[in-house]
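Asks: Sequence:
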Amino acid sequence: MTSLQPTSDRFYRRLAAVMLVVAVLQIVVLWGTSLPLGVPGEWTWGRISPSVETLFGLVIFLPIAVVYVVFVKRGYQLFPHLSVKSRRYWLTGLFVCSLIWTWGVLQALPGVTGLGRGPLTLYLRGPSGYYTQARKEVDSIPKFLKEYPGRISDADNSDNYLHLGTHPPGLTVSYALLRRLCDNSTFVRSIGTKTQPRIVREVFDELASVERQELSDTERATLWIACVLTTCICMATVYPLYWLISQTNSAQSAWLMSSAWPLIPAILIFLPKSDLLFPLLAVTAQAAWLSSLNQLNWRHGLLAGACLSFGMYFSLALVPVGAILFLQLLPRLWSEDLRTHALGTAVWGIVGFLIPIGLAALSGANLPWIWYLNYHNHAAFYAHFPRTYLAWLAVNPLELLYALGMPLVIWGIGESLLMAGKLQERCSLRDRGAVLLIWGLLWLTGKNMGEAARLWCFLMPLGLWVLAPEVPAEPHRRPGWWVPFVLAVQIVTCFAAVCRVKGLDFGG
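Residue numbers (our numbering): 1 to 508.
Worth double-checking, as some hints may not be accurate.
In silico lysine-lysine, DSSO-like type, Cα no more than 30 angstroms apart, as pairs [as the list claims (entries may be wrong)]:
1) 447 <-> 502
2) 85 <-> 273
3) 73 <-> 136
4) 85 <-> 194
5) 136 <-> 273
6) 194 <-> 73
7) 273 <-> 143
8) 146 <-> 136
9) 136 <-> 502
10) 447 <-> 194
11) 194 <-> 273
12) 85 <-> 73
Here are the in silico distance ranges between beta carbons for each label pair [claimed, not checked]:
13) 445 <-> 33: 24 to 32 angstroms
14) 159 <-> 368: 19 to 27 angstroms
15) 387 <-> 505: 35 to 43 angstroms
16) 505 <-> 56: 40 to 48 angstroms
17) 49 <-> 201: 21 to 29 angstroms
Read the hints as simulated data drawn from the structure, not as lab findings.
Backbone N, C-alpha and C fix where the C-beta goes; we use that ideal spot for every residue, glycine too.
With the sequences and hints as input, model every part of the structure.
Replies: Given below as structure tokens:
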């Protein structure tokens with residue numbers, strides 16, 4: 001056994017070299033070339049100009065990054081020996097560290113490319129329009145829901161085939177409720193105004209100057225609280241992500257891959273866009289579904305269905321997740337040993353799916369009809385903005401690699417190949433294959449020709465599950481330097497991408 005150890009060390013040195021090469025390649029392409037990030041004439045991501053302010057931001061960012069690596073490394077060492085309760089405490093620590101990490105990265109970016117971009121993203125109509133709609137068009141939520149199908153029925157209206165008409169009313173209703181809460185509660189409004197960083201207050205003042213009208217404390221509090229909530233919901237993905245991976249891999253592997261979630265460049269590039277609300281629901285549905293299939297826990301089947309339906313109150317992005325769950329169910333229905341669990345999961349999943357639909361109906365929203373109109377409007381987008389299919393067929397996989405971070409992808413693939421035999425023994429490649437199949441169909445059918453890095457954020461935690469390698473046993477034990485190295489390379493890649501790629505453009 002010991003004679004094989006040098007072979008293992010050599011493998012990790014070679015894998016580390018490949019990770020360094022792809023990290024340098026990604027950074028050079030972003031910073032050292034003017035290669036378009038997309039398809040010119042159809043859609044490209046902009047580049048952020050270098051700024052001296054970013055160098056000053058590194059003074060705060062670097063210590064935070066070091067603490068994050070040390071924390072994750074320590075958790076990696078302890079997790080095999082911790083109780084379930086202790087692991088929950090560590091996951092909460094990871095959640096808190098993720099929030100601090102996010103703040104550390106964004107504060108290093110100047111002006112509206114960093115923390116200041118949050119209020120603009122939600123307030124301005126161009127980036128989304130949901131808050132604008134909540135502020136101007138929602139006087140009565142029941143009335144708004146009842147009239148919503150009529151609002152989005154015209155597929156030739158630009159509002160309908162761009163943002164508003166391609167989404168159910170959940171986002172608008174949520175902003176309207178939060179705005180009402182801030183308006184009615186002095187305490188909540190006070191929290192929302194007093195916790196704003198200086199740059200956010202400056203952006204609000206500048207926005208008021210441009211708009212030529214003062215922004216009320218209610219507006220400021222609502223926008224800032226919405227930004228904070230979106231960030232918290234996004235980073236809370238580490239909880240169900242750990243739950244999912246721990247069902248097929250060891251606790252150590254689940255911990256390590258969960259800690260990689262905040263280090264994905266796309267997450268920090270697009271916060272606080274509403275797209276970052278959906279990874280939590282997607283991975284919770286997947287984790288609960290898999291648990292129910294394996295253990296016939298009716299509560300988990302119910303939760304999976306409810307997460308899907310509830311998520312589809314906000315966006316149709318959860319539809320592919322439903323397709324993934326269905327594919328995971330099918331082969332079990334044909335197996336006599338697994339059929340009972342599969343049927344029970346299907347029944348409870350359907351019940352859970354119908355509950356939010358019923359509740360929405362009571363509030364005046366006909367979700368199935370709204371979903372049909374949303375799909376129709378989404379199809380109309382490409383009629384107004386033609387895309388070159390073959391160009392995007394080539395670009396989207398590259399964009400996904402950059403969005404995830406190329407070192408992370410190489411690490412997952414490399415170690416999974418090393419432990420291929422153990423993976424086949426310990427986890428269902430078929431269940432992970434369902435994720436790859438549906439993701440591949442989204443790519444091949446051209447459903448997302450442009451902005452794939454943002455539109456595919458909801459699938460990225462499932463991508464981490466697919467990439468998750470098992471913790472190697474002897475004779476392939478990881479060297480002591482491996483975990484800090486992996487985290488450090490991904491952190492550098494992530495920071496370089498976030499400082500360079502303009503995911504949100506406010507038109508000056």
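Asks: Hint by hint, say whether it matches the structure.
Replies: Results for each hint:
1. 447 <-> 502: holds (23 angstroms)
2. 85 <-> 273: Violated. Residue 85 to residue 273 sits at ~33 angstroms, over the 30 angstroms cutoff.
3. 73 <-> 136: violated (49 angstroms)
4. 85 <-> 194: Between residue 85 and residue 194 the Cα gap is close to 35 angstroms, so the pair fails against 30 angstroms, i.e. violated.
5. 136 <-> 273: holds (20 angstroms)
6. 194 <-> 73: violated (35 angstroms)
7. 273 <-> 143: Since the Cα atoms of residue 273 and residue 143 sit roughly 26 angstroms apart, the hinted pair holds (cutoff 30 angstroms).
8. 146 <-> 136: holds (17 angstroms)
9. 136 <-> 502: holds (28 angstroms)
10. 447 <-> 194: violated (43 angstroms)
11. 194 <-> 273: Within the cut-off at roughly 23 angstroms; holds.
12. 85 <-> 73: At roughly 19 angstroms apart (the allowed maximum being 30 angstroms), residue 73 and residue 85 satisfy the hint.
13. 445 <-> 33: 24 to 32 angstroms: Between residue 445 and residue 33, where Cβ atoms are some 30 angstroms apart, the hint holds.
14. 159 <-> 368: 19 to 27 angstroms: holds (22 angstroms)
15. 387 <-> 505: 35 to 43 angstroms: This hint is violated: roughly 19 angstroms between Cβ atoms.
16. 505 <-> 56: 40 to 48 angstroms: violated (24 angstroms)
17. 49 <-> 201: 21 to 29 angstroms: Since residue 49 and residue 201 have Cβ atoms about 24 angstroms apart, the given range 21 to 29 angstroms holds.
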